[in-house]
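**Q** So the chains spell out like this:
Number of protein chains: 2
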Amino acid sequence: MRTRGPLTRAQLAEQTSLSRATLSSIIQTLLTKQTLTERAVSGSAVRGRGRPVSVVTLNPAGGLALGIDLGQRRIQVTISNVAHEFVASGAIACAERTPWARRLQLALDLVDNLTTRHDISLTALAGVGVGIVGPVPTDAVRSPDRVALVGDTLRARFGVPVYVDNNTRLAALAEAVWGAGSGVGSALYLRLSYGVGGGLVLGGRLFAGAGGAAGELGHISVDRDGLACSCGGRGCLERYVSLTTLQAQCDSILEARDEKARDLLAEAGTRVGEVLAAACNTVNPEVVVIGGELAETGDHLFQPLRTAFRRYTHGQVHRSVRITRAALGPDAAARGGIALVLTTSPAALDQEASRP
Amino acid sequence: MRTRGPLTRAQLAEQTSLSRATLSSIIQTLLTKQTLTERAVSGSAVRGRGRPVSVVTLNPAGGLALGIDLGQRRIQVTISNVAHEFVASGAIACAERTPWARRLQLALDLVDNLTTRHDISLTALAGVGVGIVGPVPTDAVRSPDRVALVGDTLRARFGVPVYVDNNTRLAALAEAVWGAGSGVGSALYLRLSYGVGGGLVLGGRLFAGAGGAAGELGHISVDRDGLACSCGGRGCLERYVSLTTLQAQCDSILEARDEKARDLLAEAGTRVGEVLAAACNTVNPEVVVIGGELAETGDHLFQPLRTAFRRYTHGQVHRSVRITRAALGPDAAARGGIALVLTTSPAALDQEASRP
Chain A
573 MRTRGPLTRA
583 QLAEQTSLSR
593 ATLSSIIQTL
603 LTKQTLTERA
613 VSGSAVRGRG
623 RPVSVVTLNP
633 AGGLALGIDL
643 GQRRIQVTIS
653 NVAHEFVASG
663 AIACAERTPW
673 ARRLQLALDL
683 VDNLTTRHDI
693 SLTALAGVGV
703 GIVGPVPTDA
713 VRSPDRVALV
723 GDTLRARFGV
733 PVYVDNNTRL
743 AALAEAVWGA
753 GSGVGSALYL
763 RLSYGVGGGL
773 VLGGRLFAGA
783 GGAAGELGHI
793 SVDRDGLACS
803 CGGRGCLERY
813 VSLTTLQAQC
823 DSILEARDEK
833 ARDLLAEAGT
843 RVGEVLAAAC
853 NTVNPEVVVI
863 GGELAETGDH
873 LFQPLRTAFR
883 RYTHGQVHRS
893 VRITRAALGP
903 DAAARGGIAL
913 VLTTSPAALD
923 QEASRP
Chain B
573 MRTRGPLTRA
583 QLAEQTSLSR
593 ATLSSIIQTL
603 LTKQTLTERA
613 VSGSAVRGRG
623 RPVSVVTLNP
633 AGGLALGIDL
643 GQRRIQVTIS
653 NVAHEFVASG
663 AIACAERTPW
673 ARRLQLALDL
683 VDNLTTRHDI
693 SLTALAGVGV
703 GIVGPVPTDA
713 VRSPDRVALV
723 GDTLRARFGV
733 PVYVDNNTRL
743 AALAEAVWGA
753 GSGVGSALYL
763 RLSYGVGGGL
773 VLGGRLFAGA
783 GGAAGELGHI
793 SVDRDGLACS
803 CGGRGCLERY
813 VSLTTLQAQC
823 DSILEARDEK
833 ARDLLAEAGT
843 RVGEVLAAAC
853 NTVNPEVVVI
863 GGELAETGDH
873 LFQPLRTAFR
883 RYTHGQVHRS
893 VRITRAALGP
903 DAAARGGIAL
913 VLTTSPAALD
923 QEASRP
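Protein sequence lines, in the order shown, are assigned to chains A and B.
Residues 573 to 928 in the numbering used here are what the first sequence spells out, letter by letter.
Residues 573 to 928 in the numbering used here are what the second sequence spells out, letter by letter.
Since the hints were derived computationally from the structure, they do not count as laboratory data.
For every residue, glycine included, the Cβ atom is placed at its ideal position computed from N, Cα and C.
Just so you know, not all the hints are guaranteed correct.
Claimed, not checked - Partial chain A-side listing against chain B, Cβ under 7 Å, derived:
id : residue
1  : Pro578
2  : Thr580
3  : Ala786
4  : Ser892
5  : Thr896
What the hints assert, rightly or not - The calculated label-pair distances, taken between Cβ atoms and stated as ranges, are:
id : chain 1 : residue 1 : chain 2 : residue 2 : range
6  : B       : Arg581    : A       : Thr601    : 32 to 40 Å
7  : B       : Leu603    : A       : Gly755    : 37 to 45 Å
8  : B       : Thr588    : A       : Ala728    : 34 to 42 Å
Unchecked claim - Computed footprint of chain B on chain A, listed as stretches where at least three residues anywhere in the stretch have a Cβ under 8 Å from a Cβ of chain B:
id : segment
9  : 592 to 601
10 : 883 to 890
Can you make the complete structure from the sequences, with help from the hints?
**A** Listed below in structure tokens is the structure:
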């Protein structure tokens with residue numbers, strides 16, 4: 573329930589493979605202890621058996637999770653309880669080159685502001701999940717200074733486990749938990765914005781890979797003789813389809829009104845489709861979720877994208893993969909921070925809390 | 573132990589997170605019941621505490637697993653017990669276009685031959701894992717007739733669960749359990765032979781993906797205007813680096829003696845490196861294992877491959893991924909069939925045994 577939020581008894585039976593009787597007895601014990609609460613689903617019809625459908629959740633009073641997105645141009649703070657109810661949310665713009673220490677201060681001010689305004693006590697805070705711009709390597713690779721700074725500052729401030737990950741990867745996780753990839757076993761997320769990034773979610777959890785770079789679709793090469801990229805690669809997708817690149821060629825590209833904008837979007841869609849084909853021939857996910865400003869241009873991008881995807885994938889792959897637009901808004905990464913706290917199992921908690 | 577084979581008590585403690593005392597008591601019970609057996613590791617020195625190192629395994633008499641590879645040109649049968657001991661193995665060549673019913677008969681004759689020769693009783697057979705050529709889709713896509721034929725025939729013959737999968741994917745699993753990917757959390761396998769295929773192993777299990785095509789690296793495009801492929805794609809790697817294609821250009825390519833062969837190998841290595849770069853930017857596995865006849869040409873292939881891999885991957889990826897040659901021989905896919913039986917949990921057994 574921590575990972576999935578409210579569930580009906582039928583869903584719980586399916587998830588746990590426990591008998592109805594066993595499950596009933598466990599739920600009753602936990603309801604009595606107030607670990608769980610149960611409520612009727614609003615608007616649910618009285619069904620065959622004559623009982624309204626109800627869902628069981630963790631007691632909202634059982635704890636809070638704080639999600640922070642220290643984005644390139646925007647800082648977002650979202651607070652949820654362990655029952656997956658979002659209790660407060662706010663954002664402020666910041667200049668692109670704002671130093672990390674300053675961004676952190678802005679985020680902490682926002683937290684104070686929200687908790688005061690909504691009368692929220694953080695004494696029951698279970699953890700903080702923070703999204704930052706740029707790579708966040710696993711232990712296999714040395715952790716950059718900004719990861720340590722963010723983690724240390726927030727641990728000192730709140731005294732709870734703090735999880736730091738790339739904000740695009742957190743948006744991927746949020747889409748898999750609450751958005752367009754909700755309920756699927758495997759989701760590949762691609763964000764088409766001023767940068768191009770992605771994330772891979774398997775079994776409801778972020779899959780980091782050996783170096784923490786799984787889902788780095790923006791750095792798959794689309795031109796073997798192409799431009800060198802700061803990642804160390806060459807001809808990276810990001811160099812061709814980032815909003816920075818596209819807006820330099822046509823500043824009204826997001827409106828998609830004139831032919832030039834549409835041609836550029838079609839070309840970008842084709843490139844993206846090619847990269848998604850390679851990625852999906854590798855992991856064959858159930859769903860590909862595409863977010864970021866560029867995804868909002870709709871069919872101008874998606875039609876050539878789907879054509880290229882079909883053209884370059886194995887038949888088994890394009891028949892089984894669904895491609896869809898992201899469902900969450902600009903708070904996706906902050907929500908992903910919350911998902912990171914809620915999906916981290918108690919066993920994993922001790923281990924990961926000690927991560928630098 | 574079914575999945576991992578023999579383990580020391582220290583390894584069991586680490587895997588299970590149980591205390592030494594609890595573990596000791598459980599092991600003692602299971603040793604008394606003869607579910608487990610314990611033996612000293614041959615050649616292990618007497619260590620600090622004065623006791624020789626011993627490993628605990630499932631009782632070899634507890635069951636057998638049968639692995640069959642119905643390959644393109646070769647049929648392989650391997651029998652193992654649940655303690656991961658291979659007790660019999662044999663292979664015969666077959667013509668490339670041998671019908672499936674005939675291949676099955678050849679495999680069954682080989683099983684009879686091996687069990688008679690080695691005096692093995694199949695009454696304790698736990699399951700059969702079979703590798704076949706060509707795609708084996710998941711339920712999301714209609715199962716081809718040959719999958720049903722193989723499954724039905726073997727279930728009727730042995731009366732146990734039968735698992736059918738693509739033989740390259742089974743070789744991937746075997747490499748992850750007993751070969752070059754042993755002990756790692758994520759392994760990507762690529763087989764460079766008359767066909768080019770692959771498999772993805774996560775957490776010791778084959779990752780099928782939504783349509784069963786995860787790891788189809790042979791169908792990642794290396795030329796957007798390239799040749800159409802029977803898979804439905806275009807410019808697929810397989811069309812450029814399969815042994816069939818390469819031997820048509822130079823029939824002594826595997827010897828790598830003359831300049832022509834070396835140039836072709838270098839070009840193939842570069843293509844393979846590009847595809848592995850895209851695949852690894854997507855999943856960032858711990859290890860890439862390369863098998864098949866072409867991998868035996870060593871540095872002629874691997875040097876340009878590594879250069880291209882480095883050139884087209886995110887820095888975090890190429891620093892964290894190890895590329896290595898496969899460790900198992902031509903019985904890899906049959907062993908993979910055994911691994912499929914042994915790694916399928918009892919809970920999953922009921923479900924998967926009913927797969928067509």
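**Q** Count the residues of the segment 592 to 601 of chain A whose CB lies closer than 8 Å to any CB of chain B, then report whether that count reaches three.
**A** Answer violated; 0 residues pass the 8 Å Cβ test.
**Q** Are B/Thr588 and A/Ala728 spaced within 34 to 42 Å by their CB atoms?
**A** holds (35 Å)
**Q** Report holds or violated for the interface hint on A/Thr580, using the least CB-CB distance to chain B and a cut-off of 7 Å.
**A** violated (22 Å)
**Q** Does the Cβ pair B/Leu603, A/Gly755 satisfy 37 to 45 Å?
**A** Distance hint for B/Leu603, A/Gly755 holds at roughly 44 Å.
**Q** Holds or violated: is there a CB of chain B closer than 7 Å to the CB of A/Thr896?
**A** violated (13 Å)
**Q** Mind checking, does the segment 883 to 890 of chain A have 3 or more residues with a CB under 8 Å from chain B?
**A** holds (count 8)
**Q** Close enough to count: is the Cβ of A/Ser892 nearer than 7 Å to one in chain B?
**A** holds (3 Å)
**Q** Answer holds if the nearest beta-carbon of chain B is closer than 7 Å to that of A/Ala786; otherwise answer violated.
**A** holds (4 Å)
**Q** Could one say that the CB atoms of B/Arg581 and A/Thr601 fall in the range 32 to 40 Å?
**A** Given about 35 Å between the Cβ atoms, the range holds.
**Q** Should the hint that A/Pro578 touches chain B count as held when the rule is a Cβ pair under 7 Å?
**A** violated (25 Å)
Violated hints for the displayed structure, listed by number in ascending order: 1, 2, 5 and 9.
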